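Peer 1: Between the sequences and the hints, there should be enough to build the whole structure, so can you do that?
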Amino acid sequence: MTTRAEPIGGPLDTPLTRMLAGLFGLAMLAIAWRLIAGLGATTALNDGYPLGLWIAFDVVTGTALACGGYAIALLVYILNKGRYHPLVRPAMLTSALGYSLAGVGVLLDVGRWWLIWKVPVYFWHWNFNSALLEIALCIMSYVVVLWIELSPALLETFVDSTILPLRRVARRLPPVIERASPFIIALGLLLPTMHQSSLGTLMLLAGSRLHPLWRTPLLPLLFLITCLSMGFAVVVFESAFSSVAFKRRPETQMLARLATAIVPLQLAVVVLRLADLWWRGSLEPLLAGDARSALALVEFALFLAPIAMLWPAAGRRDLGRLVGAAIVMMFAGALYRFDTYLVAFTPGEHWSYFPSMAEMTITVGLVASEVLAYIVIVKRFPILSGRSGSPMAEREKPAAES
Amino acid sequence: MPSSRREFVRLCTLAAASIGLGPLAAQRFVEAAGKGLRPSVIWLQFQECTGCTESLLRTAHPAVDDLIFDLISLDYHETLFAAAGHQAEAALKQAMRTNAGKYVCVVEGAIPTKENGIYCMIGGRTALDIVQEVGGQAGAVIALGSCASWGGIPSADPNPTGAVGAHDVLKGKTVVNIPGCPANPYNFLGTVLQYATYGTLPALDAEGRPKFAYGQTIHEHCPRRAHFDAGRFAEKYGDEGHRSGYCLYKLGCKGPVTYANCSVQHFGDVDGAWPIGLGHPCFGCTEQKIAFRVPLHTTVEIRRPVPPDTYAPIHAPQGGVSPVATAVGGAIVGALAGAGFVASRKLSADVPPQDGSGGPPVSPPPEV
Amino acid sequence: MALSRRAALKGLAAAGMAVAGVRPAQAVTLPVRQTDALGLLYDATLCIGCKTCMVACNEANSLPADTSGSPAKLYHKPIDLSEKAKTVIKLYAQDGEQAFVKAQCLHCVDPACTSACMLGALKKREFGIVTYDPDLCVGCRYCEVACPFNVPKFEWSSAAPKIVKCELCRERLAAGKEPACTEVCPRHAVIFGKRTDLLDEAHRRLHDTPDRYVPKVYGETDAGGTQVLYLSHVPFEKVGFPALGDEPAPSLARSIQHGIYRGFIAPLALYAALGAVIYRNRRADDNPR
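Residue numbers (the working numbering), protein chains in the order written: chain A, 1 to 402; chain B, 403 to 770; chain C, 771 to 1059.
Treat the hints loosely; a few may be bogus.
[Stated by the list, open to error] The calculated label-pair distances, taken between Cβ atoms and stated as ranges, are:
no. : chain 1 : residue 1 : chain 2 : residue 2 : range
1   : A       : Val169    : C       : Ala929    : 38 to 44 Å
2   : A       : Arg18     : B       : Gly722    : 34 to 40 Å
3   : A       : Arg168    : C       : Asp903    : 43 to 49 Å
4   : A       : Pro175    : C       : Arg895    : 35 to 41 Å
5   : C       : Arg957    : B       : Pro562    : 32 to 38 Å
[Said to hold, decoys possible] Below, in silico cross-link-like pairs of lysine to aspartate or glutamate (DMTMM-like), each with a Cα-Cα straight-line distance of 20 Å or less:
no. : chain 1 : residue 1 : chain 2 : residue 2
6   : C       : Lys843    : C       : Asp865
7   : C       : Lys964    : C       : Glu896
8   : C       : Lys854    : B       : Glu703
9   : B       : Lys516    : B       : Asp559
10  : C       : Lys843    : B       : Glu703
11  : C       : Lys1008   : A       : Glu349
12  : C       : Lys843    : B       : Glu622
13  : C       : Lys964    : C       : Asp806
14  : A       : Lys247    : B       : Glu622
15  : C       : Lys843    : B       : Asp631
16  : C       : Lys947    : C       : Glu829
17  : C       : Lys843    : B       : Glu637
18  : C       : Lys854    : C       : Glu829
19  : A       : Lys118    : C       : Asp1055
20  : C       : Lys893    : C       : Glu941
21  : A       : Lys81     : C       : Asp903
22  : A       : Lys118    : C       : Asp903
Just so you know, these hints were derived from the structure itself, not from any lab. Remember, predicted model here, so these are calculated numbers, not experimental data. Positions of the beta carbon are idealized from the N, C-alpha and C atoms, including for glycine.
Peer 2: Rendered as structure tokens:
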């Protein structure tokens, strides 16, 4: 029996939150520098590698890691697995924060950011051939949809607020959203399907400048599958982290089922990629022995490792093993996307790129702000549900409930 | 002095050729001289070193004697005159009366303007007065040398006499400036002979300088330009580069910003007799903003840089990988992976498996 | 409040039609080879590497000198196309072979960059010139990823950066002049004209003096054809022109995008299906059996 979602309370000022805030503060300084001095002065980007860490990680990998909401919504609303319902709110929160931060990443990466409003507004200029346009529009819409989906949870806190307008909105808006939820949720499933696959199509435009180990018409499909597996993995990770960190009982069995469900997805990616490489006659580069082939092999290993980790039943019962497998799955998907965007992109051997300190500082700081926001919101808003009490306290009580 | 008509014609041809006016001009010289129409030239000298006159004395085609006896009528020149004092003054007045509105007034030297111009007085009159009177009635005014063109050395900081060029005190009058320190005499000769032959002045640039001589910078016609383009410079006087005749840009050559034709028309009728040819950087003597203002060995900005004779490769290495950033990036990824591994292990140890089997008692996790 | 299933589906369909109506018809037509397409023909056998074209280009485009290749920062000496160099003469010299090559935008007939550009800042406008409108550019640099020739360059040094590349001197063309580079070239190594005429001329040269050239006009069909054509006496790969085949660069990505999104049918159908399933599940939850 699960309780309804509640703010878990607790102090907002802890060593962890302070550290996260500090990292975010550093990032703000770097952001100011980037806005004033321009991209050339702050990043290591160049004309050979015009897309770098911020796109490859913050946007492409970050949005995939923020696909927890997408994955859970698929499970709960389409496959109708209501038992995963408690995971919906935290997944939505992670998604909303993750996609918002991806949006910030994009805003920092584009050179003429003050014109970005034209992308959704100037519809008569839309170039429908551009995968990036579709990605941009979908992400912009999806961020809005995510926050709308999350708003009932956030507004619950203000139902008895003393501020009249806030109370009014908190009482009137959620039912409206509830009634419109099929439309909204369907949109929240359609949009990520569209743009996550298009993130794969995007790199196909590089044509022969994309390394054969990653260049395949299956890229959209592979990106979609990996975003789903990463989404589920994030949900497992974040749920386990929340339960332990906030002293709640972990839903190990539920998470085990989730984790094992991801295994076919991982397998599918490996099989599809290998079959595609064989079909196109590109298996040799895999054994070329250079840095790129090594990374590709590491990718395959990371995709397959969780299968080994979750194969024995003991592995599925052990929260640590589950979380470990989830982390490996996240790394696998992240490495695959990172490689597709940065490693597989070959403008010529005379070009080189590695993110600058400012780029890394901003990335780390933005992720830190996301984690910080998660902690703060979860403590003050009704996001997490589930049984309270630490796993240690549980051990003293006999397992009475199931 | 030519002894025959043939010699005279030859002289005119030489004169025309030396200033690029062509054979037809020679014909016109002959005709004009034949009609006795040598233009009157009144030469004023003020705050100057007489270097420009001296420079003129060292021409060969035409030589100055041919010039003043056959091509022009030099009616007043304080240095070259045998006369002095009241006789000279009388000659000046006579020339002005006879040729009013038609004579060429040549100004050599700057004109002081402070305290009503008392710092240069000739025959009890200030230079300012003289130039305004003589120049005012002239058919054409030629300011010879940097001093007459814009003030020259007397106008160097702090310019205690308020020295200025002739055009500053002859407002409303077209003054042909022929700057240089000294001015190249052939630039002067070309201008005078054109006026003598055709009655016109050459095309002038924004600073009143004849374009045929001051239309391009030294840099654009420099014989050492190939060295500049290839990056071969003299770094110090007397070093290997200097002795090999390399470009003097790094020694402060003002060639890139100095409009003059010294590189193609040398001095003293001696080939190679010009500053750069002798191994000293140009100091920009024609330019008011450069000469006597910018130190000799200060390098100048290059305008309109053009490519040297080396090329970009087909694939030029670009971008860069910072070792520090690589190390930090690697550390971050490693830390994340390590933290994930440790967390997973700790969870395994701390959190009892779901089958109800107990584990050793452990301390609660830190507050998050 | 129970919503009838029919009403729900109707509502979804209506919403879909409204969305589809706003968007213009999405016909998949490749850019038509404009018969008045203008271009350049560069003959590497005629080029003497004087680089006057580079100087004239910078002057005509009011670009400052690119001193990246000059240690003393004295010269316009770009090492590659850059934000200050819209054309560069590069030298290939190896094993006794030597060739100059004029690097610049090839003004493809079916460009990858215009296919990539979200709002059409890069677009083929008059005479097939691939032009750039900074007012529609957000600086995403997707065009740089797309171009197979690595042409568009970004103003990294600016806080308000634009994309920089050759636009065939369109202002000069509008004033009835020819591009700056072709006007100043002392050997007529690069010439300007209609693409059809330039192709004829290139083939005439190949036919009249076959020993002088590699028997190919680069850009005739490469990457779907380009409006800036090249003749060379050394193999084109050596002077930096990749062997690209005749497929236009954006064709694969475009066919996938269009295949999935043609007429927006698939997304709308998916949306309808998802909405229907969610609604049905919700109804089942509300009315448990």
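Peer 1: Within a Cα-Cα threshold of 20 Å, do C/Lys1008 and A/Glu349 meet the stated pairing?
Peer 2: 14 Å, holds
Peer 1: Please test the hint of 35 to 41 Å on the beta carbon pair from A/Pro175 and C/Arg895.
Peer 2: 52 Å, violated
Peer 1: Going straight from one Cα to the other, do B/Lys516 and B/Asp559 come out at no more than 20 Å?
Peer 2: 14 Å, holds
Peer 1: Need the status of pair C/Lys843, B/Glu703: alpha-carbon distance at most 20 Å?
Peer 2: 11 Å, holds
Peer 1: Run the distance test for A/Lys118 versus C/Asp1055: straight-line Cα separation, threshold 20 Å.
Peer 2: Outside the cut-off at roughly 42 Å; violated.
Peer 1: Sort out whether C/Asp865 lies within 20 Å of C/Lys843, counting only the CA atoms.
Peer 2: 31 Å, violated
Peer 1: Taking only the CA atoms, is the gap from A/Lys247 to B/Glu622 under or equal to 20 Å?
Peer 2: Answer violated: A/Lys247 to B/Glu622 is near 81 Å, above 20 Å.
Peer 1: Does the structure keep C/Lys947 and C/Glu829 at a Cα separation of 20 Å or less?
Peer 2: 15 Å, holds
Peer 1: Could you say whether the range 34 to 40 Å given as a hint is met by the Cβ separation of A/Arg18 and B/Gly722?
Peer 2: For A/Arg18 and B/Gly722 the Cβ distance comes to about 35 Å; the hint holds.
Peer 1: Next pair to validate is A/Lys118 with C/Asp903; report whether the Cα-Cα distance is within 20 Å.
Peer 2: Holds - the C-alpha atoms of C/Asp903 and A/Lys118 are around 13 Å apart, at most 20 Å.
Peer 1: Taking only the CA atoms, is the gap from A/Lys81 to C/Asp903 under or equal to 20 Å?
Peer 2: 51 Å, violated
Peer 1: Look at the Cβ atoms of C/Arg957 and B/Pro562 and judge whether their distance stays inside 32 to 38 Å.
Peer 2: Because 58 Å falls outside the window, the suggested range is violated.
The structure fails to meet hints 4, 5, 6, 14, 19 and 21 from the earlier list, while all remaining hints are met.
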